[in-house]
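All chains should be modelled from the sequences, with the hints used to inform the complete structure.
Sequence lines, in order, name chains A and B.
Heads up: the first sequence begins at 4 in our numbering, then just goes up one per residue.
Heads up: the second sequence begins at 66 in our numbering, then just goes up one per residue.
Since the hints were derived computationally from the structure, they do not count as laboratory data.
One or more of the hints may lead you astray.
Straight-line distance between alpha carbons at most 30 Å, and here's what the computed DSBU-like set of lysine-lysine pairs gives [stated by the list, open to error]:
hint	chain 1	residue 1	chain 2	residue 2
1	B	475	A	115
2	A	115	B	481
3	A	247	B	273
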Amino acid sequence: MPEAGLLAILPMNELVFFLNKVVIAGLIIGSVYALGAVGVTLIFGILRFAHFPHGDMMTAGAFVALVLLWMFPGVGAAVGLPTAFVLMPIAMAVTALLAVGLDRMFYRPMRKSGVKPVVMVMTSIGVMLMMQGLLRLFAGTGTRQLYADTDDKDIYRIPLGGRDLVITEPQLMLFATTIVAVVALHMFLTRSRMGKAMRAVSDNPDLARVSGISIDHVVRTTWLIAGALAAAGGTLLALDVTLKPDLSYNIILPIFAAAIVGGVGQPYGAIAGGLLVGFSETLAVFNWSVLLRPMRPYLPEFIEIPAKLAFVPTEYKIVVPFFILIAVLIWRPTGLFKGRVNN
Amino acid sequence: MNPSLREAGLFAGLILLVAGIFAWLGAAYGVRMLVEASCYAIIALGLTIQWGYAGLFNVGLMGFVAIAAFTTVLISYPVNDVFWSGDGPWMLGQAALTLAIGVAITLLLSRSTRIGVPKGLRTALTLVAAAITYLAVQGQLDPAATLIEREAGFIGGFGLPVWMGWAAGGVVAGLLGWAMGRITLGLRADYMAIATLGIAEIVKAFLKNADWLTRGTLTVSPLPWPVPTPQELGFVASRSAYLAVTAVMIVVLYVLLERAWHSPWGRMMRAIRDNEVSAAAMGKDINRRRLEMFVVGNFIIGLGGAALITFTTIFDPSSFAPLNHTFLIWVMVILGGAGNNLGAIFGALLVYVIWIMSEPVAIFLFTNAEQLGERLFGWEAPADLYTRALQMRVFVIGLTITLVLRFAPKGLLPEKVVKYD
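This is how it looks when you write it as structure tokens:
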């Protein structure tokens with residue numbers, strides 16, 4: 004059989020390793036970035052400022068899920084899913100209300116007094132510091148598990164000849180949630196009155212206002228969506244790895260990069276941007292020697308394969324989103340999906 | 066109230082506060098606090114140029130401070146003979162040569178459209194050349210770094226005078242600011258905030274992990290001082306001498322900035338800040354002027370940061386916590402009064418004194434709360450209550466920023482608006 008012969012030559016072991024380390028890992032972190040970036044890009048487009056506390060909002064959402072987990076520990080076992088995932092809709096609702104509350108308390112008064120966009124950014128940084136301070140005050144700085152002892156973390160191994168393709172339960176839930184969120188958001192933005200109003204405000208606020216669209220409603224809906232998606236992203240990330248209170252800085256930069264790469268104010272762009280940034284990170288830190296080694300017999304003698312051949316050492320992972328950001332700002336400031344560059 | 070009366074009153078109150086701390090905690094502590102506050106005042110002057118004069122948004126202060134501090138270490142730390150007598154310099158030289166050749170080839174290729182190469186091919190060739198350069202330099206640098214770390218620890222410094230290190234630190238911070246400004250100044254204001262935040266994180270990651278260059282988490286100490294050290298003169302005398310140096314720097318910078326502010330250049334800057342469109346209509350090159358502001362501001366920030374880290378005598382890359390320090394300086398500037406140099410200095414001194422004093426206060430409050438909670442509700446406090454108590458200060462910084470921006474956007478010493486009738 005010729006196919007079997009071809010398969011035998013292919014280095015399955017290494018390819019599956021590549022799939023595990025780059026494709027699946029990139030999809031996971033990319034989905035988390037995408038869930039965050041959708042909110043950031045909506046706020047960017049409608050309220051016109053960079054929302055720095057978004058990373059902390061994700062963490063806050065995960066902590067709400069943790070508190071719910073303590074309050075109702077038995078829910079998950081009844082359904083057969085992790086408790087935190089079952090309770091996630093409540094956490095999303097609470098975080099969405101929190102986002103609206105923050106807007107009422109801090110952003111709306113500034114907006115009403117008509118300050119410059121830069122001052123709004125500064126205010127958002129003030130809010131970021133307050134949230135970080137409170138989170139660490141109540142939660143300490145250690146890491147926590149969002150998996151209760153009663154939940155078991157299922158790990159699926161798909162045999163592909165040689166090494167197994169590994170995927171865990173929280174990762175599947177993350178993909179499912181992202182897909183559902185994207186489809187729901189698409190339907191909302193294209194079919195519903197409010198979604199259309201949001202797009203109108205994002206495109207041209209003055210025109211939207213004179214056509215009778217209530218800016219207050221649009222702003223409130225924006226915060227609700229952004230808060231809910233942030234909570235989902237934070238909870239699912241915490242389910243996949245651990246819950247850390249000081250996540251915000253490490254995640255806000257890739258999220259901004261994703262939002263800007265996708266084009267500010269473009270939700271689809273944010274999803275594409277999130278995945279792009281996620282894949283770039285995993286591709287950049289991947290050790291390419293693993294894939295080159297099986298090709299040793301076919302390569303000329305003088306090429307030596309180093310033990311480690313990665314574009315970026317793992318310690319410098321944060322450099323990757325930053326360079327994507329800089330590259331986009333230099334060559335295509337509107338982003339892939341033609342977002343807005345000016346105020 | 067009359068502005069100058071207000072200034073006099075506020076400064077008098079500040080002097081009383083500082084005198085009280087001197088009486089309470091002793092002169093050595095008081096002078097140390099004043100030196101650190103004066104270094105923060107220099108950084109705040111740099112930031113007030115960027116934010117108050119030009120409306121530029123720099124959230125990467127600690128990145129610029131860190132790179133300036135590192136440059137100071139490199140220039141003024143004693144020479145490491147083990148490094149210079151080994152193979153390290155030779156290998157580093159090779160890597161630098163490769164880098165220079167690679168950059169030259171990449172630049173030439175990026176200009177190759179002039180000899181008729183199609184645009185798409187040009188971009189592809191440039192990217193390939195850049196990638197090859199990067200991999201080649203990395204390939205040469207890795208063995209050099211391993212060798213240096215094994216044999217000499219790190220490359221040490223050049224043993225030059227400290228003031229040269231400070232000046233060089235300022236220049237490097239300015240250059241980094243120039244690069245950031247070139248990329249982000251033409252775009253919306255938020256982009257600069259995001260980009261400066263990113264560059265600060267990268268500078269920190271680099272300084273922390275490049276052990277051959279900075280000793281990483283092993284830290285470099287003791288850093289040489291521009292004045293005799295406490296071992297020679299005693300704490301109070303040597304710290305006072307240091308304070309004299311920083312005070313002279315503040316006075317010189319203040320006089321220069323005031324002169325610049327009241328010159329036609331300063332008037333142009335205010336015009337650009339207050340009405341960009343009309344300034345552009347008058348033929349002012351807005352982005353170029355803003356770039357000037359950003360670079361000058363970063364130079365001063367670097368200067369102050371270098372002085373601050375030199376005073377602490379230890380260069381520890383992981384100590385440049387963006388949360389506390391960057392935004393502490395922001396509070397200094399917006400509370401003191403953006404666009405008013407005296408306000409920045411006043412804000413820096415006041416906020417730093419409060420900041421230093423808030424640590425014992427926070428711990429005092431939390432200890433009492435702990436006892437009270439235990440007595441009343443049988444509440445058992447978590448073991449890391451003290452570290453958590455200090456996080457409260459981050460909350461207070463954030464709250465101060467939002468409150469000041471909302472209720473007193475002009476600060477304690479508002480900018481003096483000059484009116485020409």
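Here's how the hints hold up against the structure:
1. B/475 x A/115: holds, 18 Å
2. A/115 x B/481: holds, 26 Å
3. A/247 x B/273: Answer holds: residue 247 of chain A to residue 273 of chain B is near 21 Å, not above 30 Å.
No hint from the list above goes unmet by this structure.
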